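Asks: Residue-level listing of the chains:
Number of protein chains: 2
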Amino acid sequence: MSDYRGYEGDSLQFLKSNNISVSDSVKILADITYSGIIMPRYEHSDDKHIVLKLKSGYNIGLEIEKIKGIEKIKSTEKDNQQHEKVEKVSGLPKILLLSTGGTIASKIDYRTGAVTPVLTAEELNSSVPELAKMASIDAEVLLSEYSENITPEHWLQIAEKINDYSKSDYSGIIIAHGTDTMHYTSSFLSFALAGFPIPIVLVGSQRSSDRASSDAALNLIGATKFIIESNTKGVFVVMHQDENDDTLACHIGTRVRKNHTSKRGAFQTIGDNPAFIITENQIQKNISEDVFKINEFQSKIKIDTRVALVKYYPGYNPKLLDHIIEMGYRGIIFEGTGLGHIGNSMYESVKKAKDKGIFLGMTSQCIDGRISMTVYESGRDLLDLGIIPLENMIPEVALVKTMWAMGNFQDAEEIKKIMLENIASELSY
Amino acid sequence: MSDYRGYEGDSLQFLKSNNISVSDSVKILADITYSGIIMPRYEHSDDKHIVLKLKSGYNIGLEIEKIKGIEKIKSTEKDNQQHEKVEKVSGLPKILLLSTGGTIASKIDYRTGAVTPVLTAEELNSSVPELAKMASIDAEVLLSEYSENITPEHWLQIAEKINDYSKSDYSGIIIAHGTDTMHYTSSFLSFALAGFPIPIVLVGSQRSSDRASSDAALNLIGATKFIIESNTKGVFVVMHQDENDDTLACHIGTRVRKNHTSKRGAFQTIGDNPAFIITENQIQKNISEDVFKINEFQSKIKIDTRVALVKYYPGYNPKLLDHIIEMGYRGIIFEGTGLGHIGNSMYESVKKAKDKGIFLGMTSQCIDGRISMTVYESGRDLLDLGIIPLENMIPEVALVKTMWAMGNFQDAEEIKKIMLENIASELSY
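From first to last, the protein sequence lines are chains X and Y. This note's numbering applies: residue 1 is where the first sequence begins, and numbers increase by one. This note's numbering applies: residue 1 is where the second sequence begins, and numbers increase by one.
Hints in this document: simulated from the structure, not taken from any laboratory. Given the structure is predicted, the values throughout are model-derived calculations rather than measurements. Among the hints, erroneous ones may be present.
[What the hints assert, rightly or not] Straight line, CA to CA, 16 Å or less: simulated EDC-like cross-link-like pairs of lysine to aspartate or glutamate:
| no. | chain 1 | residue 1 | chain 2 | residue 2 |
| --- | --- | --- | --- | --- |
| 1 | X | K319 | Y | D368 |
| 2 | Y | K72 | Y | D10 |
| 3 | Y | K48 | Y | D10 |
| 4 | Y | K263 | X | D272 |
| 5 | Y | K263 | Y | E280 |
| 6 | X | K263 | Y | D245 |
| 7 | Y | K319 | X | D272 |
| 8 | X | K351 | X | D384 |
| 9 | X | K263 | Y | D322 |
| 10 | X | K319 | Y | E326 |
| 11 | Y | K263 | X | D368 |
| 12 | Y | K319 | X | E326 |
[Stated by the list, open to error] Partial chain X-side listing against chain Y, Cβ under 8 Å, derived:
| no. | residue |
| --- | --- |
| 13 | H323 |
| 14 | H341 |
| 15 | R370 |
| 16 | Y376 |
Glycine included, C-beta positions come from ideal geometry on N, C-alpha and C.
All chains should be modelled from the sequences, with the hints used to inform the complete structure.
Replies: Listed below in structure tokens is the structure:
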């Protein structure tokens with residue numbers, strides 16, 4: 001049965017007349033010759049182009065008007081059955097791989113259009129055969145969520161699962177995760193599982209894992225190598241450092257942010273070099289031994305989501321803040337301007353929040369750099385109103401930390417103390 | 001009269017016993033020898049340190065316990081009277097300098113602690129004598145606001161003022177502005193005054209202008225040089241490119257963001273090189289001639305502030321969005337995750353917003369990179385719900401543009417069209 005999903009009008013006509021359908025491997029002669037797989041199109045597309053997935057992993061749109069020839073090489077449907085059995089090698093370090101969903105764990109079924117988790121142990125080993133030579137990997141599908149749909153409740157679920165293995169014989173745990181909110185999850189795990197005896201490494205991919213050129217395989221291999229060779233603990237994110245396939249960056253889970261919508265090297269350590277640089281031949285360490293201060297592990301897997309992140313901007317209506325206060329929020333993290341400011345139109349509402357005993361923390365929408373609220377008059381006013389400057393904590397991390405602190409500690413003074421204490425390298429100097 | 005403002009306990013005792021007060025120039029022997037000016041301290045300080053402003057412009061805290069000797073060089077109070085008369089040179093290009101406040105326009109009066117606007121023509125010329133040789137500068141104090149207190153109403157005021165000079169003999173207009181929200185103001189001016197016949201250049205400083213080492217003077221000189229030599233129009237931000245005093249960066253007013261709380265090179269063009277690089281000997285141009293497409297100038301200086309910027313995060317309560325809808329907002333700009341996503345818990349509220357006819361735009365909290373909502377199922381869902389992907393528009397710029405579009409255009413379809421039209425290089429390809 002031929003599949004022309006998403007194609008309409010001229011482009012549909014073009015495919016039909018050439019006896020080509022979605023998922024076919026083709027060679028196309030246009031300005032130059034392209035080889036790749038015909039991709040399904042989505043709604044809101046025009047009918048003047050067909051979309052080709054190149055071997056590089058990139059999709060390109062080709063204008064049908066400019067196509068001089070198209071030749072079918074083969075249908076790729078057969079590929080779906082090509083899962084080779086991989087023999088486990090004995091004596092290798094053991095690693096647990098938990099999949100939560102996202103691009104890295106997804107595979108497009110060209111026939112149904114559905115995105116399905118691929119990471120059964122079997123499928124994983126066959127798709128990244130290098131792994132089986134490095135480690136003995138047990139894989140488990142924990143969630144199948146795009147990361148924009150990951151919630152704090154999922155964080156708890158992931159942390160509880162990891163916590164079950166605090167006394168296992170695993171050398172480390174890899175979490176395959178969608179990239180959109182991976183840094184929020186890594187922050188939560190950093191706080192909830194501070195001092196966990198083995199490394200926890202989140203990996204994602206910016207290109208889907210069903211192509212040889214995807215970053216998924218390399219990021220997985222890098223995470224595995226890191227666990228085996230780095231001799232460290234803590235929560236990390238391992239992703240490409242840049243577009244280059246030779247170098248991966250390993251970021252501290254509380255100092256990392258997704259800073260580009262699509263590049264492979266989207267993840268960056270804010271204000272510093274990545275903690276480790278992973279290349280084929282070595283792991284270069286950029287952090288000191290005592291980065292993770294908590295050595296005695298005691299899990300703290302609770303959360304209170306009544307914390308809001310408020311990004312200030314000119315024209316921000318203080319009534320929006322009043323509403324947050326009235327809704328019973330227990331914490332508010334401001335994403336202020338510059339060194340940690342919000343307009344004086346906000347002062348009255350901030351006072352209301354303080355009177356209600358709400359924890360008020362200040363971070364900066366500059367993202368990089370340290371809060372300093374004693375330089376200008378307005379900062380000093382805000383200090384007087386009871387806002388706590390959260391040093392150089394990344395706004396998103398401050399949000400997660402406050403949710404975590406509220407869940408695990410009750411006393412307001414204790415929460416304030418914890419917020420300024422460096423639990424998992426979320427503050428750097 | 002001696003001034004010990006902010007000093008208490010031990011540190012106050014130390015100053016008094018050495019006959020030193022705030023604003024005195026001193027030489028201090030500790031681990032090494034320091035020369036500088038004793039700064040006032042602020043509330044929330046301890047009493048174990050004194051603060052010294054070094055000639056480099058940096059403040060350092062010195063522990064009194066470790067001070068081996070302190071020597072008064074002179075009192076700097078006399079400096080306040082040192083305004084030299086500067087003769088205007090005839091035949092130079094004319095530039096209008098409008099001051100709105102902020103660090104660049106401020107000077108700490110050590111005796112009163114007040115921060116005062118310094119930019120009368122006289123004072124400015126005497127503090128930056130190089131300017132008088134380059135241009136004939138008319139200076140005017142328009143506002144005296146720290147930029148965190150700048151509101152959309154101020155934007156209108158600034159734009160109206162500039163608009164008065166659309167047919168003047170000025171070669172360009174410089175706006176001295178606080179750095180915290182300078183990029184919001186530059187965005188508004190870019191839209192409201194698109195096609196303005198002469199360049200409009202915003203400058204700020206990260207260090208107060210009362211020190212020779214401040215970046216204020218260099219940024220002003222750079223802006224002046226740029227106006228005289230660049231032969232361009234448009235709205236720009238001129239600031240240090242990095243810590244280096246030799247190189248300034250000139251950014252397109254809609255592509256720039258403050259990305260560090262304190263560094264001189266805090267302002268960066270997102271996803272590209274700065275439009276111009278300004279060094280003493282040349283101005284290097286990195287943009288093509290047709291960056292500012294609107295050539296016929298017609299000011300559009302209206303605004304509707306009923307636009308909210310909503311940053312999505314895991315745990316975001318959709319009721320917060322419901323409240324924005326109920327408050328009568330006309331536009332919502334989402335700062336989504338990754339390629340432009342928000343969690344599916346938001347869909348119901350988004351539908352409500354759409355049903356009410358609210359304009360819904362998508363940007364990314366990644367800040368860099370382009371929105372692409374056809375890659376994943378969730379993005380396609382959001383497109384179906386009527387959210388408009390705003391390409392690679394910076395979230396803050398999208399907010400300002402929507403406020404501006406709502407103020408100047410009425411019809412929903414027209415607003416949507418304008419939002420996707422490249423008015424002032426806010427979209428780049």
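Asks: Against this structure, judge whether each hint is valid.
Replies: Cross-check of the supplied hints:
{"no.": "1", "hint": "X:K319 <-> Y:D368", "in the structure": "30 Å, violated"}
{"no.": "2", "hint": "Y:K72 <-> Y:D10", "in the structure": "19 Å, violated"}
{"no.": "3", "hint": "Y:K48 <-> Y:D10", "in the structure": "6 Å, holds"}
{"no.": "4", "hint": "Y:K263 <-> X:D272", "in the structure": "14 Å, holds"}
{"no.": "5", "hint": "Y:K263 <-> Y:E280", "in the structure": "21 Å, violated"}
{"no.": "6", "hint": "X:K263 <-> Y:D245", "in the structure": "32 Å, violated"}
{"no.": "7", "hint": "Y:K319 <-> X:D272", "in the structure": "37 Å, violated"}
{"no.": "8", "hint": "X:K351 <-> X:D384", "in the structure": "10 Å, holds"}
{"no.": "9", "hint": "X:K263 <-> Y:D322", "in the structure": "33 Å, violated"}
{"no.": "10", "hint": "X:K319 <-> Y:E326", "in the structure": "12 Å, holds"}
{"no.": "11", "hint": "Y:K263 <-> X:D368", "in the structure": "10 Å, holds"}
{"no.": "12", "hint": "Y:K319 <-> X:E326", "in the structure": "12 Å, holds"}
{"no.": "13", "hint": "H323", "in the structure": "5 Å, holds"}
{"no.": "14", "hint": "H341", "in the structure": "4 Å, holds"}
{"no.": "15", "hint": "R370", "in the structure": "6 Å, holds"}
{"no.": "16", "hint": "Y376", "in the structure": "6 Å, holds"}
The structure fails hints 1, 2, 5, 6, 7 and 9 (numbered hints given earlier, in ascending order).
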